[in-house]
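Top to bottom, those sequences are chains F and X.
Going by this note's numbering, 77 is the number at position 57 of the first sequence; the sequence numbering is gapless.
Going by this note's numbering, 938 is the number at position 25 of the second sequence; the sequence numbering is gapless.
The reader is advised that the hints may include incorrect statements.
[Stated by the list, open to error] Per label pair, the in silico range of CB-to-CB distance:
hint, chain 1, residue 1, chain 2, residue 2, range
1, F, P28, X, F959, 20 to 26 Å
2, X, R974, F, P103, 40 to 46 Å
3, X, T1022, F, K34, 34 to 40 Å
4, F, S71, X, I931, 30 to 36 Å
5, X, E955, F, T130, 23 to 29 Å
[As the list claims (entries may be wrong)] Below, in silico cross-link-like pairs of lysine-lysine (DSSO-like), each with a Cα-Cα straight-line distance of 27 Å or less:
hint, chain 1, residue 1, chain 2, residue 2
6, X, K984, X, K969
7, F, K77, X, K950
8, X, K981, F, K29
9, F, K91, X, K1012
10, F, K77, F, K29
11, X, K950, X, K981
12, F, K29, X, K950
Don't read these hints as lab results, they were simulated from the structure.
Idealized CB from N, CA, C, for every residue including glycine.
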Amino acid sequence: NAGVTQTPKFQVLKTGQSMTLQCAQDMNHNSMYWYRQDPGMGLRLIYYSASEGTTDKGEVPNGYNVSRLNKREFSLRLESAAPSQTSVYFCASREHYEQYFGPGTRLTVT
Amino acid sequence: DQQVKQNSPSLSVQEGRISILNCDYTNSMFDYFLWYKKYPAEGPTFLISISSIKDKNEDGRFTVFLNKSAKHLSLHIVPSQPGDSAVYFCAALFQGAQKLVFGQGTRLTINP
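Construct the complete structure from the given sequences, taking the supplied hints into account.
So this is what it looks like as structure tokens:
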């Protein structure tokens, strides 16, 4: 039981490049989330998916798109990366009240 | 508009003493509160939670207190251990809602 896994762990992009962050969970949870963590800002919700086939915007969705591929997988795409998207990205899945987080992807945009 | 606030960015405590981490919220409709712990280069992990119908929940060395009239919750760690050094986030949830609202985090350092 791996919990929530994320790939890649690290990524460096140039401004304007695109990439997709992958997330998978093996706990059969319906809800999945993407957050970014920046110093002094806590965890800010980018997008979430309450169930397979649905996605909704969170607090900071601009510049991102998501896909809930199936119940297990929820990907986050940056179409044209900007330096302001330099951050640590966490995926999470939820059971009842608790969310379970992946180990994170550290993204740097130069 | 920060609905959940942790006003202390950092806290330093001696090993064996009590650590008290504080969290304030503005929305009285929150009905469930959680604390998460985060080590460097890892994702946050769930630590302890409390429902709004309670004022205290205890789990081993960790106790969370909720004061609804003051819109304040606190996490007590007794006794503090070096492995408790981490960033602690409080979070709140509306009943039936999908989204947690997180505070900014407090970095706790336990000194030997």
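Hints versus structure:
no.	hint	result
1	F:P28 / X:F959: 20 to 26 Å	holds, 25 Å
2	X:R974 / F:P103: 40 to 46 Å	holds, 42 Å
3	X:T1022 / F:K34: 34 to 40 Å	holds, 37 Å
4	F:S71 / X:I931: 30 to 36 Å	violated, 42 Å
5	X:E955 / F:T130: 23 to 29 Å	holds, 25 Å
6	X:K984 / X:K969	holds, 14 Å
7	F:K77 / X:K950	holds, 25 Å
8	X:K981 / F:K29	violated, 40 Å
9	F:K91 / X:K1012	holds, 18 Å
10	F:K77 / F:K29	holds, 24 Å
11	X:K950 / X:K981	holds, 23 Å
12	F:K29 / X:K950	holds, 20 Å
Against the hints set out earlier in the document, violations occur for numbers 4 and 8.
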